[in-house]
Each structure stands twice: as C-alpha cells, then as structure tokens.
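Peer 1: Model the placement of chain B on the given structure of chain A, informed by the hints.
Next come the chains, spelled out residue by residue.
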Amino acid sequence: MTHVNTVSFAILLVSFLVVTMIGFGAAKWRPAEDPMQLNEWGLGGRGFGTFVSWFLIGGDIYTAYTFIAVPALVYATGAAGFYALSYSIVVFPVVFIFAPKLWSVARARGYVTPGEFARGRHGSQGLGLAVTVTGILATMPYIALQLVGIESVLTVVGIGGDSASVLVRDLPLIIAFAVVSGYTYLAGLRAPAMMAFVKDILIYVTVIAAILYIPGKVGGWGHIFATASAHLTSVNPATGKPFGSLAVMPAGEWAYATLALGSALALFVYPHTITGVFAAKRRDVIRRNMALLPAYSLLLGLIALFGFMARAIPAVNAGVKAAGGNAQLSVPLMFARMFPSWFAGIADSTVVVGALVPAAIMSIAAANLFTRNIYKELVNPDATPAQEIRVARLASLIMKVGALGFALALNKTFSINLQLLGGIWILQTLPAIVISLYTRWFHRFALIAGWAAGMAYGTAEAYRTSGGGQAHFGASTAPVFGHLTYIGLVALVLNLAVTVVLTPVFRLVRLQDGYDGTKAADYSADPAAAPAPVIRAGVRVPPNGRVKGTTGGPFAPPSARHARHPGPPA
Amino acid sequence: MAQSARSGKSPATRGVVAVLLIVTITGTLWVPIYARSTPKLGDFPFFYWYQLILVPAVAVLCWICYLLLRAKPGRHAGRPGARPPAGPHHGGGEHR
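First to last, the protein sequences are chains A and B.
Residues in the first sequence are numbered consecutively from 544, following the working numbering.
Residues in the second sequence are numbered consecutively from -14, following the working numbering.
Keep in mind that a hint or two might mislead.
Stated by the list, open to error - To list a few chain A residues with every Cβ distance to chain B over 10 Å, as calculated:
(1) Phe639
(2) Leu848
(3) Gly945
Claimed, not checked - If you only want the chain B side, here are some residues facing chain A, beta carbon under 10 Å, derived:
(4) Val1
(5) Arg21
(6) Ser22
(7) Pro24
(8) Leu37
(9) Ala42
Think of the hints as simulated: they come from the structure by calculation, not from any bench.
Glycine is no exception: its CB is placed at the ideal position from the N, C-alpha and C atoms.
For reference, chain A alone in the conformation it holds in the complex:
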C-alpha cells in the first residue's frame, strides 16, 4: 500500500483542520465567570444541557476503536462479536438506575472524580487512591487504542506504515496528538464537547451512506449473510473448529450475556463516562439522555454489520490476508474499495475525529483523578483552584504523551491486552462507587481487600487465557464451573464476596470504620438551574454543617473535606 490516495488524504486533512479550529475556539465557548476552577476546565462548568450532554456522552462511549474493533470482531467470529450491541442496549437502563444518584452527590459535594466520592463516602484515603489508580491504569491503554484506530486508517490511506524510520512513520500520529493535547490543555472539557458535534455528523453520514450503498453493490443482504455463514461454518485450520456462527451457539450464550453485562457495568465506572455524566447541568438531563442515547446503539448495531458486509467483498478479504490477517483493517479497506475516494476520505475522517474526541475526554478524566485524588490528597492538600487547574492541565499532557509512548513503543497487541485488562480492573471499583450509592454497610478496609482480590484474580485469570495466536491474554472469557464467563464479572463476584465476608469480621474486631462525608439528602439533590457550586479557598464550613441546599446543595469546601474528621466514638 505504498500508493497514497490523495483525494482521501486531502479530505482527511481538511476535517482535521476544521476540528482543530473548533477545539481551540471552544476555549471561548460559554466563558465562565471564574475560569480558574477545576469545575470549569475539567467538567465544562457542569453546565451541559440535554443536547450537549447527548453529544458528549455519545462521543465518549462510542470511540474510534469501537468502530474499528467491533466490526473486526464480527468479521472474524460472527455472532459472538455482536455482544457489543447487546451491551450498548443494556447499558442505558443500568445507567438510568445509578447515574442520577451519583450525579446528585457529586454536585452536592463538589466532587469532580469518582475517586473523591469513594474517599468521601467511606472516609478512606486508601479506597480513594485504589479507585484513582485503577481509573488511570484502565484509561491509559484506552487512549492508546484510539491511536490504533487512527493508525489503521492511515495505513489504508497510504500514509506512514512503510517508512523505515520510526519518526517518519509515526509523524502524522504525533502531530495529531500534539494538536489534541494543545486544545485540551487550553479549553478542557469544552473542546471535546464541541468537537463531538462534528464527530457525530460525520458518523451518521458515513454509517447511513455505507448501510444504504454498499449492500446493493455487493449483492444484497441475502448474499452478505450467506457469505458470512459460509465463512463462519468453515473450519479454522489453526484451531480445528469453525470460525464462528451466525447466531450464538448454546455453549456461547453465557459468555455472550456475561460479556454484555460486565462491559455495561464497566462502561459506567470508567472515569471518562463519569466525567461526561458529572458535566450535566441537571439531574433530569441524565435520565432524558438514557432514552436518547440508544440512537447511538442503533448505529453501533449497523456498524457491527459492517463486519459481514466487509466479508462479502473479496478485495477486502484479500487485503486483510495480505496484512497478516489483521481484521482491524477490514472496515477502512471496505471504505477504500467501495466508496469513491472523496467519500472514503469522509469515512476515514470519521474514524480519526472519532478517536480524537474520546482521547481528549479520557485524558481530562484521568487528569481530574490525578489532581483531586493524588496531588491534592497527598502532595498539596491546601492547593488553590488555580494550582489545581495547572496540575490538571499538565497531567492531561502527561497522560497523552504516555499513551502515545504506549502506542508507539509497545506492540499493538500489548495495548489491546491492556485494554482488556483495563475493563476487568475498572469493574473492581464498582462496589466502592455504584453499590456504595445505596449502602454504607461495607467496611472501608473490606472494600479495599475485595478490590485487591478482584484485581489479583482478574489479572491472573486473564493472563492464563490463550487464543488468537497468543499464549497469554488471548481472551476475555474463561471457563467457570464449565461455562465460559467474562473474567471481569467473575472477579467482581469474588470482590463482593470478600467484601461481604470481611465487613462483619472487621466490625467484630472493632477495626475503625471511616467517616461518611455525605448526607442522605445529597443523593437526591437537584440544584435545578443554579450555577455549579464554586470552590473558594478560605471559606470554611464545618464538615457536619448543613448548608441549605436551595442553590448548590450542601457543599463542603476542600479545606473542610481535608480536615481531620473525628472518628466514630468507640
């Protein structure tokens, strides 16, 4: 693929420039009264209504990697890859249940990150750190995978890929990431929120065009499903078993359901999703969005079908084979072979812009975590809001450089393995975040022990799986009592079991429990259209003081949150 497709590349370049301008322009969008607040940079001032939130959360969840990896999985294994649709269906009712509560408590207490909630709810610095470290670890490879998405597009367009020099080969990627880092640094969450508009218009145009145009050209859906079925039932010489099936086999049903449920629960506790939720203006915005966001799921379903469409195009199959069986190329190749160059350029832009938006949100989420839960917690408890922003901006840069390093220096498979692990890891923070919204029964040290057990088991179990030509980290499912089950979910069950068993034990030995920094009323607080609570250094509110919640809800400023709380009377 030494030939560069000039038209496609030119369109790709124009889209990139447009998005860049929007990104930098976003700094001036809805300027804040007091821009030097972490709320402003890291949560867009907590002022996004239904419309913007829809784009932001959608831009967050459906990443470029999703658009490349899901059809690639369907291309390779058929029905099993469709669990992604199932998961994106089930995620909305699940989030409908939990998210409004989490939003309310975060709003009432001024939390910017899930780590702060865990710390505040259980009065445990260690638990907050556990949630933070898990969040950052899980987010890094996710950002790196966005680069993998961009890379596969560039390979097909004919840019990079062939040069012997690492620097020349990866230069387009480095430039793209430098630019994203620039506007994220300046505009914070406002940048991806605005870019998400462009991203989504591109996505809808591309997907609808592809679904209407390509099937007719390759012989209709009947032919597409027949070709897919023929491929899937043929025997894979590497394993001696069929490649897959057109409908999930009974043996695969349990894996399918646990993957869908586990991924849905994991998605909700990923820091970047929580950042998107926290940025909403009102409680109702979140519920309304859960009814509106499935529009993206429909899109995801259609995108998953791309995998079968690509299978019906001989030129794509040949291209994938030539690239050593890299199914990730199937969708970009399909665009290149089926669309005229100009439209292939638009379709490629979709993937690239679709990578930049979530990469920005993820790095902001990770930066918020670092600032509030590591810098402010351990390094400088008396940090001013201005210092917080400075640290968060730097942290977002470091996250991106780290992710770039990941993507360039390490094997691509390594990023994918880490992302698989990231999903398992992040699921282990569920008891400290989601279940703790409902109950304070868990002992803080039991939660930490459960988290550690889940992390250890999940990592070890994932290491033991083989598949896809890899000896380790080959699959996300492993047999449990004879059924293939999503490892993350098994680890979560173990995590919960440890927590539930240890809680009464720790109470019995009178191990000191943490102080709950939240009030019952926080969980349903809905400071309607009032401005977000503003943190002002020096204002002291007693930690137990009830502040009338008519505008900002009860809110303890950082100085109070970090004051030493009296423990429970022995």
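Peer 2: What follows is chain B alone, placed relative to chain A:
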C-alpha cells in the same frame, strides 16, 4: 432499584419503573430468547433483527421511565434534596 426514583413518587410509579427496567435488561441479557436464526425478517436472521429492534424499544421504555420519574416543572427548584434522611441504608447515621 426503585430507590433511584425521586422522592414524592408513589410506590406504584416506582414499581412500574422497576418492572420496565427489569424487562429491558432481561430482554437483552437472556440470550436463549434470541440465539437463533429463524424467523427471518427479510434477509436478516432473527438474532440480528431482534437486537436491532430492541434498541428503539429500550429507548421508548427508558423514555417512559423518565416521564414517570420526572420532577414536575416548577417544583424541583423549591425542593432540592427532599428525600427524608431516614432511608434505611443512607447516610452514615447508623455508624456514627
């Protein structure tokens, strides 16, 4: 589950919301319901068209839940955090 409902909603409303949400979740996660290729809709095997139709169906059900739980306009501004603090699992009262 119904605890996520705003206070001031009747138990019946919360019950309906809980049932609707449970229906959507089981309809998606109970794979044996749709793990087959017939009946076909056009050229689409059942497995695919069921899930594709499930998407708008879940959206509609979530919208109904949202309408059921929606705070009445003009009221939420005056009643922030109106949940009585006596919830059995809420707050740290019992541990203090």
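Peer 1: Work down the list of hints and note, for each, if the structure agrees.
Peer 2: Hint by hint, here is what the structure shows:
1. For phenylalanine 639 of chain A, the shortest C-beta to C-beta distance to chain B comes to about 6 Å, within the 10 Å cut-off, and the non-interface label is violated.
2. Against the 10 Å criterion, leucine 848 of chain A falls within the reach of chain B, whose nearest CB is about 7 Å from its own CB.
3. No Cβ of chain B approaches the Cβ of glycine 945 of chain A within 10 Å, the least distance being about 36 Å, so the stated non-interface status holds.
4. Hint status for valine 1 of chain B relative to chain A: violated, with the closest Cβ pair at about 14 Å, above 10 Å.
5. Taken as an interface hint, arginine 21 of chain B checks out: its beta carbon lies about 5 Å from the nearest beta carbon of chain A, inside 10 Å.
6. With its C-beta approaching chain A no nearer than about 5 Å, serine 22 of chain B sits inside the 10 Å limit, and its interface hint holds.
7. Because the closest C-beta pair between proline 24 of chain B and chain A is about 12 Å apart, greater than 10 Å, the hint is violated.
8. Evaluation of the leucine 37 of chain B hint against chain A yields a held restraint, the C-beta minimum of about 5 Å falling below 10 Å.
9. At a threshold of 10 Å, the smallest CB-CB gap from alanine 42 of chain B to chain A is about 9 Å, leaving the interface hint in force.
Consistency note: the structure conflicts with the earlier hints numbered 1, 2, 4 and 7.
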